[in-house]
Each structure stands twice: as C-alpha cells, then as structure tokens.
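Student: Spelled out, the chains give:
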Amino acid sequence: MFSGLLTATVFLPAAAAIVIALTMRNKQAVRWSSIGATTITLVLSIIVFVAYDRDEGGVQFVDQITGWIPIDALRAQYLLGVDGLSAPLVLLTGILGMAAAFGSWRVEHRVKEYFFWLLLLETAVMGVFVSLDLLFFLVFFEFEVIPMYMLISIWGSGRPKYSAMKFVLFTLFGGAFLFVAILAVFLSSSVDTFAMVSIPEAGIVGIPELIAGADLIAPAALIFSFFLIAFAVKLPLWPLHNWLPDAHTDAPTAVSVMLAGVLLKMAGYGLLRINVGFFQETNGFTIHDAAGVLAAIAAASVIYGAIVTIRQTDMKRLIAYSSVSHMGFVMLGIAAVGGSAAELSQGGLNGAALQMFTHGTITGLAFLMVGLTYDRTHSRHIPHLGGLAKKMPIIAIFFIIAGFGSLGLPMLSGFVAEIMVFLGTFTVWPWATGVAAFGVVLAAAYTLWMVQRTFFGPGPAPGGMSNETYEELTDANWVDMIAVVVLTVPIFLVGIWPSVITDTFKIGIEAAIR
Amino acid sequence: MSEPLAWLIIGLPVAAFLLNGTVIRAWLGSQTLVAGWLTIAAVAGSFVLSVLALTDVANNGETLYETHEWISIVGLELTFGIMLDQLTAIMLVVVSGVSLLVQFYSQQYMHGDRSYTRYYSFMALFTASMLGLVTSRNIIQLFVFWELVGVSSYLLIGFWMERPSAAAAAKKAFLMTRFGDFGFLLGILYLFFVNQDTPGDLLDIPTLYEVIGAGGIAASVATWIALGLFMGAVGKSAQFPLHTWLPDAMEGPTSVSALIHSATMVTAGVFLVARFFPLFEASNVSDLVALIGAFTAVFAASMGLVAKDIKRVLAYSTVSQLGYMVMALGIGAYAPAIFHLFTHAFFKAGLFLGAGSVHHASGTFNMTYMGGLRKNMKWTYWTMVIGSLSLAGLFPLSGFWSKDEILTVAFERGSDDGLAVGWIVLVAGLLAALMTAFYMFRAIFMTFHGEYKGGAEAEAEDARKNNLPEPVGLGHTHRQESPWVMVAPLVILAALAIGVGFLVNPLPDVGPIKKHAFATFVTVRNDNVFVYEGGHGKDEAHDDEADTHADERQLPDAIHAGAEPEFSIPIATISSVLAAGGILLAYAMYISGVISPAAMGRRFSAIYTVLFRKYYFDELYEGEITIKAFYGRVAKFLAWFDITWIDNVNVQLSKLTGNFGRGLANVQNGQTQAYAAVMAIGFVIVLFAFLVWGS
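Chains A and B, in that order, give the protein sequences. If you're matching positions, the first sequence starts at 1 in my numbering and goes up one per residue. If you're matching positions, the second sequence starts at 1 in my numbering and goes up one per residue.
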C-alpha cells in the first residue's frame, strides 16, 4: 500500500530545506521559499485531516515499504499512516510549522541555515506523528534533537549553548530509555514486530494485539516505566521539567513556538499511543496499576508548575513554566484510564488529547506574541515594561487572547480541553482532579498579572524601557499578523465547536483502548 | 416563541459585538457613533424579544427548547439549549431593559472617549453573555456564559487601562470571582457523576428539577454540590468573604457600574442560587446561605456609612442589597428574593446613572467636593431622591414592597416555624434598612444640599497643596444639568422605582393585575419543586414522602416558597420607622447640623477608621495572604526549590556523568606502560580468583 500523501507531507519540508540549502543565496528568496514550503505542508496536513474518513475509522493513507531495511530478522518497515489520534496532531504540526516560518521573518543572522534547520524540524515532528513503525518513530523522535540544538545554540539568546546542551542531554536521556523499551518489546518472542498498530488491510498485526497476555523478556512494569520516563522528560512532567524553561527562554521565537506547540506533544502522543495503547492487557502489569501514581504526579505538576510560574519575571520563562502546569492536565487526562478497565473514562483521555491540540495553538500564540513584543521592546523583563497596549493595541489584543486561552476562558479552546479532563478524571480520581482544578485559579493569577504589568498602565515602569524607545514602538504589521491569525483561528474554532477535533480524536482513543 | 427567535435574543448583541470589534473599528475608527447606535439597536431588539418571551411564558407557561450536541464522547456528552421559564423571562426583561437604558445614556456619558467603539463593543459582549447566562438550560452552558460575563466585567472595569488602579481593580475582580468559580466548578464535577450510569444527565437543569422533585438526590450529595455552587455565587455576587472586589470595580465607567456592578452581573450569583433553588432546598446549606447573606447585608452597609466616594457608597449598598436577596433565598423566600432583584435593578441602576450625571457636572465622585448641586441639576436630584427613597424602602415605593416581603417571610420563619435563622435574618434586615436609609441620604445631602465645594478643580487643588498625586478620573466642572440623553433614562428608572413594585406584585387585586401577581408568576411551574420544606435538607428517610408533595401543595397553609406572605402591619411599621429614622439622622448630621459628623468621627474614631479601612480586608487578602504568605513564602520557596534542588540535582548528575567519562578517558591515555600495568593487575586478580574459587 502506498498512497504517498503522508510521505509528501512529512518530507516536503526536508526536501525544500535541501533545495534551499543547495540553490539559494538571496535571503528574501530563502524566506519566501520556506514560507511556501510550510504553507504547502499546511495544505497537505489539512487535506489529511479533512479527508480522513471518520465513518471508516482505523488507519488510513498507509504508506508501506516492507523491505526498508533489508534484514529479515529486523522486520523494520517504512510504515506511515494516520488514525484518529494522529490526524489532528498532523494538522497541528502543519499550523505551527507555517506560523513558525512566518514568525521567523525577522531573523537576519545566517538566514539560509536557520530555515534549513527549521524545515528539518518540521519534518522530524511530522514524522513522529505519522510513523507507525516503532523504529522509525524512534528515529524521528531522536532526530528532532539535531535541528533543535542548532536552532537554540546558534540563534538563541541568553545562555544558548547551555540551554541547547541541557535540552540535548535531557532528550537523549529519555531517548535511551525509549530505545531500550522498544527493543524489549520487539525482542519479546511473541511480539517480534515494530508495528505500533494493527492495520488489517495491510495484513499488519500490531504490538497492542500481540503484547496482550504475551510473555515479555522483561517485566511489563519495567518496560512501561521506561516508556513513561522517556515521555515524561519530553512532556515535561514534574520533576523532570527543568530543561524546558531554559530551552524556551533562550530559543528564538519561532523555535519556542515549535517547542511548545508541537515538540511537547510528541510526548503526549507517545503516552497515548504507547503507554495507553500497549499496556491495556499486558501480563502482570497494566497501565491501570500505574494510573493512581500518574494522577498524583499530574496534579503535582499542575500545581507546582503554576506556583513556580507566579514567581517568574521573564515573559518567556513565565509561559514556559505555565506549560509545565498545562501539560500536567494532559497527564491528568491520561490517568483517567482508571484503576481498572471498568473505571476508564474516555472523556478524560479525549480531554488529554484535546489539551495537546489546544495548548499547542494557545501557547504557540503566546510565544509568538512575546516574540513580537520583544522584537520591539528588546526586553522581556516584566517589571521593566508597561503601558504597551497604548502603543501596540493589536499585539495587546492577541496577547490577551492567548492569555485568556491559557487561563481557560470559555469559547476559547483551552476551556473545552480542561473541562473534558476535569469531568473525565473527576469520577476516577476526585482528589487529584479537585487539586488540579485549582490550577485554573493560579493560571488566572499569573496571566492577568503579566498582562497588567506589560500592557496596561500609563507607560513603561520607572527604571525600565526608556521613553524614547516607548514612543517609537510600532504595532504588528501584516506579515506578523499572518502567523497570528493562523494560530488564533483554531483557538476560537475549537472553543466554540469542539467536535471538529474531538470527533476525530475519539476514534483514535477508542481504538487505543479497544 | 420559536427557537430561532429565542436564540436571536443572544444573537443580536453578539452580532453587535463582532461587528463593532472588527469591521466598524477597522473602517469607521475608534470613536464612531455608529458603534453606539448598533449596540443600542441590537439591545433594543433583544429587549423587544425578551418582552415577547415574557408574554409567551405568561400565557403558555415555560418552554424548554430542544438540546443540541456540543461534545459527544462515550461517557461525556455535553449539550446546550435554551430554557425559557418564568425566572428566565423576568431576568431577560431586566437585563435587556436596563442594558438598553444604559446604552442609550452612554452615548452622552462616553461621548468623546477615545475608545468609544471599544466601549460599545464590550457592552454588547456583556449583554450577550448575561442574556446567555439566564437562558442556559445546561449548567456547563451556564458556566460558559458565567465566565464570559466575568471576562466582560474584567474588560470593562479595566476599560481605562492606562490607569494603574483600573487595571489592578479589573484583575482583582476577575481573580476573586474566579476563586469562587473554583467552587462552582467542583460543584459541577460532583453533579456530573451523581448518576453513575448516565453521567452528565443532571447537568440538564430541567432533568435535575425532575430528579430532585422525585427525591432522587440524597441530602448529603446535594449539600456538597450546593456548597460548590454557592461558592461561585458568593464570588459573583460579592458576598462576604469574597466581597472586596466590588467596591474597587467602580474604577470602570459609571455606566458600566450601573449595568454590570449593580443591576445585572452581580445578581448572577443570586440568579444561580435561584436557578438551583430546588437543589439548595434539598441540601443542608440553606442556613449557611441565609447567614452569609444576613451578615453581608449588615457588614457591607456599615462600610457604606463612611465612604466618601458616591460610587463606593452605591457599591456597598449593592453588596448589602445582594446580601438581602441571598438571605431571602436562604430562608426559602424564593419569590421575594427575585422580586427584590427585580426592583433593585431599576432603582440601583438609576442611582448609578445619577452618580454619573453628577460626575458629568462636578467632575468628581468625591462627595466632600460636591454640595449644592440640586439647584443646577433638578432632574438628577429628584430622580436620585426617588431612587434613594425606594432603596431605603419607604412606603409605597418599589423597594418597600420587595424588602417588606423578605422581612415578613423572615418573621414567619422565626415566629411560626420557630427557626432561629428567621430571627437573625429579620434583625439583620432591619439593621441594614436603618443603615441604608442613613447612608443614602447622607450621600444625597452631601451631594446636592449645602454649599458647593468646588468639584474636581478644588479636589485637584487640594491634592497639589498636600503634594499628593492628582486623583485619577477627574473631569471638567460645569455645574449644569446633563443633556436629555442622560436624563431620560434617569426619569424612566425613577418612574420604575416608584411604581413597579406595587404594580407588578400588588397586595389587593388592582384592575387586571391579580394580588401577588409577580410572586405567583415566578413560583408557578409545571413541576412541584418550589414547595418550601422548612429550610432543612431532606434525608434519605424523607424521600418516601416525596409522593405526598403534590398533596402538600394543595394545603391552604402551605408556603409556596414564600410566594404570598401575609402583609404584616407591625413589620411594615417597624421597617418604615427605621428607614425614616435613618433619613432623619442623616438630616440631623448633614443639613441641620444638630449632630456634627466631624465630632462623631472623632468620638468614635476607632470605629470610623475600621469602617473606612473596610475592616482591613484588603490588607488581609492582598497584603498578608496573597503577597506575604503565598507569593512571599509558598511561591518563593517553590521557585527556590526548583532552581536549587530539582534543577541543580539534574545539573550535578550530568556533571558527575561527565567527570566519570573524563575519568575513564584518562585510562585510555595511550601509554603502553599504563596499559601493561593494568593488564598485569587484571591478570593477577583473575589468577587469584581462579585459585580461590576455581576448584
């Protein structure tokens, strides 16, 4: 089977990157070509999302080459496909990729290389979401480190080398666990495949079916925790989160957008696809045995992240810590698998999936707006700012929209995901959910504080930005607005009409939990 | 009324919001009058439709429109739809009616503001959200609009966002109400799973009524849910202990205060308790509701006694009157509470608009710089006097009737049912009535009587003399009556403040209007959920008697949610005497000078200071709890812990790994002798091992 659509979606940015690297010299040409490539990728991802047949369900648009690595014993395939779980995330990657390309408009330093790595990054992330072969999944999951390292260390600010290396070390640390866990699953005699799902049309029997009741070469609990560690680092989950604030703070704007928007979602996707999908009926240990612990860590992540956020004075660092808090909701929703299969709440799992999508667009927008602000003010230190709404009302409006989205205002998408997680998980873990729900109060506190200090008031705070700089501030221009609008539309759309995404996610979740 | 028309009630202001916020702002600018006209037209449309809805409900009873799917996942199905019952119909008319008058008034009041378009756009958003709130038939839907109302309030309090005080007040309002919303949310989560097999069915309000009517919810369960919902109501309706945001919310334009922070949004909490009244009746929290309301009624009124800012006096009065409504609901006086909400909306909106008119003339809200304005602005003066008399509850104005019903029911609860809470509510109500009459007429006398004290210019002058920063929000002083666009709404609201109370809910039959028409209207429903049961929760054993409820209704002496309290001459006399006494006291202090306010202030300086500093709640909440304890200790500790421990452990671990690697790397130093030495040592060890364990 080979439809080619997904192969094109995944590799188009990489192909464009190579063409740009080899043929172009003019900065403007590089920018427009990159924007063109990401725009086409967005169109392709929209096609994937829209054309996915929800009545039929299952895995669609399969691209399969069996002899990818010509070693029979390895059984590795080139296997791409989307189901209900990955289709919205493909769309998300398309949206964020295009927004990141537009958001990089002002990059002046080594432009060609910059866009080269940015495009490779999009391919890597897209690859993670559509790979249905574990080995291939691993390759993309790890490959993403290289462009990220380059982008942060060369185009970053602050302590870019330190933050980039920290990012690499954490990711590789998690990656090592991922690798071992994948091998352990593969080497278990009755599994002997890398296929992450069953695709009857292609004659593929996947790990979720084979692993049920099978003898594994290591205890299921151990394999499960290896996967969990790998994804918890990436999500990130307390107490493995410390790479994120540094990486975010020092990364260039568009890379923060990609990092918060889609890179973290690779972990949430992994948790749903692998930890939830594989460990339903494993021998001796299932995900239900771990659900209580997951709920507790999730609640800790939400509250701890939110409280630490309140102390931050750097806008980017503040949003980065808030991401720790918000990704805790993803884990909380996943904990809705419950202590036993009977307790499982699909609402919570769907909420977790939707939270990934909504956090991607909302936090992506937040970082974009911080970037636009920083381009003009040259400061992200909140006590130095103030009164910006008067000089740049449009930036203020969209910054506030992102802020309201992040504090869970109804009619914006964040609320829907949070209420789904709460309603879904409360029945299973009432205390953890009740505690985590207080996170929305804390979210309002840090968001409104930031908005008040930076955008409201008569002008810049004393000792902050000079009055000359303040007077010369300009609002967003139309190129900036394209990225802003691309991210804002899904925030409102999902907030008002959540079924547009949840109707797809639920197909994937149902398949994952069977 | 057909469903599309019902949706149009919300849809019209939504359309005005969207158009004003996008194309009109973009094409016609930030000061276009078109924005005002558009919002006025949209709200007028909503008002007409609301009146149609009211007549429809009056003639045909309630309508439950079909539900629509919002999220559909196994075990998590959320729907939305419109519920048009008696309570909704009343609220629709109040909200759209007051909103219409305020939008009309704002044309002049906000004239020349550099963000005129934004103002009307936000006002349309608020009106839409509030109308959505009262028509919701699903509690999640209600919560959605509840939050949207909160955000419109945030945007409008912070409308003049370049003022730091306005920005801070907006944040404070949002955060404090959100704190209450946390409880609301937990209540919803609990309610969602009361029926384990069909999660979410009880979120549909009519279904909830049915289930409660059939005794399907145990008192213990209802108690937890009602507590959560009440926490939301306490935040939104600024009840103690979440009351501190409302006085600060006066930083917004006065027209905003009139609509949002007196007549409509803050009554959303009262509406919430009324909407879930059957649930509260089935729970054990009724007494708590009554006590919180009673305490707030007195507590807030006491702060109103000394406030210098006319808007703050009105704000405390609003908190106090909301306490009145809440305590009424707590003792089961459902109909009187709604009735009071109804009359209060008109006279309080009128008073706020009057304060705006005063500001228009004097440039300030500080009453110590006013005085003598009655000569210059007769219309404003008389409408405000009427509003104050109505608020003070003087016979036969609107406020008298609604207040009297609450007090009468409280008296019945105390004397007939022997409930202590009834007496507490009665005493609190009377005390609040006395204080209300005093502070309102103190405000009237300070503003309109005596000598003119210079208005905004004098205030700015004084600030300069004392080296203080000039107070924000001072306008121009031109002592004259406001234009008719502002006066007309005042007159309409004053007329309502006089007559609406008696006319809609008269004691004897008046022509076509039946005795207790309003009370009968709001309590007559197709189901039997509004039968009062004594304010105490049913326990499970009680459920067996659920079948007898229907019979209970037929009994002549059954109290239908306080719908038809008998007029009690002693109660009416006492409350009238107290109100008159309050007015006389104010007269003695501020007109005749028999009692000197300054001397009183000195003699009771300790009390005066405590009241003037609002019992130090701002210092407690913002200074001690939020800044010192939470920000300064908890958050500071965690932020320190995060860097010093969690991050540091990670960094040290990676350094350790690095050093370990470097250590190993040293071994491979390329020197043959070293390799040979290691080999030799290894050989000896292996040999030794063989010798010891080998055999």
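Hints in this document: simulated from the structure, not taken from any laboratory. Treat the hints with care, since some could be wrong.
Label-pair distances were calculated between CB atoms; the ranges are [claimed, not checked]:
| no. | chain 1 | residue 1 | chain 2 | residue 2 | range |
| --- | --- | --- | --- | --- | --- |
| 1 | B | Leu584 | A | Glu471 | 51 to 61 Å |
| 2 | A | Val180 | B | Met679 | 30 to 40 Å |
| 3 | A | Ala202 | B | His68 | 48 to 58 Å |
| 4 | B | Gly661 | A | Gly158 | 18 to 28 Å |
| 5 | B | Val74 | A | Glu209 | 51 to 61 Å |
Each residue gets a CB set at the ideal place from its N, CA and C atoms; glycine is no exception.
Student: Check each numbered hint from earlier against the structure, then list the numbers of those it violates in ascending order.
Tutor: 3, 5
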